[in-house]
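There are 4 protein chains.
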Amino acid sequence: MRSHARHTPAFTVEEMTHYLEDVFPEVMAKGTNMVVEAVGYGSCIIRLKFRAGQLRPGGTISGPTMMGLADFSIYVAVLGALGKVPLAVTTNLNINFLKKPEPADMLAECRLFKIGKRLCIGEAMIHSEGHEDPVAHATATYSVPPR
Amino acid sequence: MRSHARHTPAFTVEEMTHYLEDVFPEVMAKGTNMVVEAVGYGSCIIRLKFRAGQLRPGGTISGPTMMGLADFSIYVAVLGALGKVPLAVTTNLNINFLKKPEPADMLAECRLFKIGKRLCIGEAMIHSEGHEDPVAHATATYSVPPR
Amino acid sequence: MRSHARHTPAFTVEEMTHYLEDVFPEVMAKGTNMVVEAVGYGSCIIRLKFRAGQLRPGGTISGPTMMGLADFSIYVAVLGALGKVPLAVTTNLNINFLKKPEPADMLAECRLFKIGKRLCIGEAMIHSEGHEDPVAHATATYSVPPR
Amino acid sequence: MRSHARHTPAFTVEEMTHYLEDVFPEVMAKGTNMVVEAVGYGSCIIRLKFRAGQLRPGGTISGPTMMGLADFSIYVAVLGALGKVPLAVTTNLNINFLKKPEPADMLAECRLFKIGKRLCIGEAMIHSEGHEDPVAHATATYSVPPR
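Protein chains in written order, with my numbering: chain A, 18 to 164; chain B, 18 to 164; chain C, 18 to 164; chain D, 18 to 164.
Isolated chain A (complex conformation) (with noise of 0.2 Å):
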């Protein structure tokens, strides 16, 4: 597999926060869920705080939760790789949902398998925060205009 370790993302968790605060108020307000633990050069992990908000019956957490999270945590690892690149848009996700999410934090550990000049393609491995075994696993392709 690629590494990218040879390159220098493009933001610090401290600025991946703030530049997601202001292009994405509504999912990153304060004292709300997602939280930016790691970022690399397409990379980074991403911890959905756990809210009894997103409980569906049974006490699980819902596959749209899933799906935001894998969606999001991917675009940051886009962004650690390209810098501020706010209108890149998901033109595709695929997920699998794997086994019913603990009533606990998600981390979402993504890496981009390309970074092209048109095309960032990467995936989301999600598990509960202190369970083993991974709840989804989600890709996504992302369109990145021309500049």
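None of these hints come from the bench; they were simulated from the model. Among the hints, erroneous ones may be present.
Chain copies aren't distinguished; within one or between two, either way the pair holds.
What the hints assert, rightly or not - List of simulated lysine-lysine pairs, DSS-like, C-alpha gap at most 25 Å:
id: 1; residue 1: 66; residue 2: 116
id: 2; residue 1: 66; residue 2: 134
id: 3; residue 1: 134; residue 2: 116
id: 4; residue 1: 101; residue 2: 116
id: 5; residue 1: 117; residue 2: 66
id: 6; residue 1: 101; residue 2: 134
Here the structure is a predicted model, which is why all the values come from computation and not from measurement.
Dock chains B, C and D against chain A, hints included.
Below, chains B, C and D alone, put in the same frame as chain A:
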């Protein structure tokens, strides 16, 4: 394409609405945004009422909102074929984003390709009301528990 | 759903067949198995002639055979809309296998959901000739080079 | 990520090769192109030997060739976990094409995300031998028959 015309839907629109209000109160709470417009045997039309809170910067409706609509509406089509199967779970969802939605209600037209004992597979075509071109297309697989 | 009826297809069936024989001789070689049955603006019907060599144990047609048919036929629909774009490349393909194919010709009915300057996205519904239920459904994205 | 290290693979490389030659003679016929390089519990490495016949115009390996490799290799990972389940069938496959393959052998590295009683879900990362960047990434779902 398979015509399901000879099969009776498991619910009327009114019965489906009441059932969904029971099992998904957080999605269907009165005054909120999902409305069952039509139900058939393995098909349905779901309206997502426009609300400013779904807006992303630029005035468009967010990707996760469309993913949630796709997931929910294909699930309703499963219920329309199989009746009350509250434990059916999404195992895969694939969505292609086609164009930016208008700030308007969205309609998801769903039909199932396969109605099996263990798996149901179907699609949702989503468009903004009053606009012809679709904004997103999704397919999803539901695993049906043994009865 | 978008109707493309007002647009003229970029090829007739005969022109498309000749063009494909030129650029994909290995797929279209005389005596082999892909036949263009219809072409529209962003749509087509492709027949895959049944040959015993595609059979898997149990007498069914293999998954990769259906994936190849889906990929090829959606590409033909792209050509039907855009004309000769030999460098368009598949960037994503998602396929759901619905039932075992019969030992018979298969027909892929394709249409594009999006015909963009940079991306075309469409679907193929595949069924065995003479059988109503579909055997597979695929969606695919093609990246179109700048002209 | 889940480590399957504590589980014993259901086959050695040699046993897997013999079994595949039995059940997929058309894929594994001596002198042809699929080689089992490694097998674990829910994981494997499969080599697709380069042959000129797979080439598309421009000297690259075709998309369907990579789709067939992905489907086959994830199936081998299922066998590596579950043993002889000849009736497991692919229900979904999603593939992202990342860059043009070189005219060289391709290696698919597979691992399963989920090993369930009814469904197995896994990924294949494909790269050209001697080249670091991946050429394709696929995920697939297999439905396992009741035993």
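Taking the hints in turn, this is what the structure says about them:
With identical chains, the CA atoms of residue 66 and residue 116 are at most 25 Å apart within one copy only, with a shortest distance of 18 Å there and 31 Å across copies. In this homomeric assembly, residue 66 and residue 134 never come within 25 Å of each other (Cα to Cα): the closest approach is 33 Å inside a single copy and 31 Å across copies. In this assembly of identical chains, the alpha carbons of residue 134 and residue 116 lie at most 25 Å apart only when taken from different copies (12 Å versus 35 Å within one copy). For the identical chains of this complex, residue 101 and residue 116 are inter-copy neighbours only, at 22 Å across copies versus 34 Å inside a copy, given an alpha-carbon limit of 25 Å.
In this assembly of identical chains, the alpha carbons of residue 117 and residue 66 lie at most 25 Å apart only when taken from the same copy (16 Å versus 29 Å across copies). With identical chains, the CA atoms of residue 101 and residue 134 are at most 25 Å apart both within one copy (14 Å) and between copies (23 Å).
Going down the numbered hints, you'll see the structure goes against just number 2.
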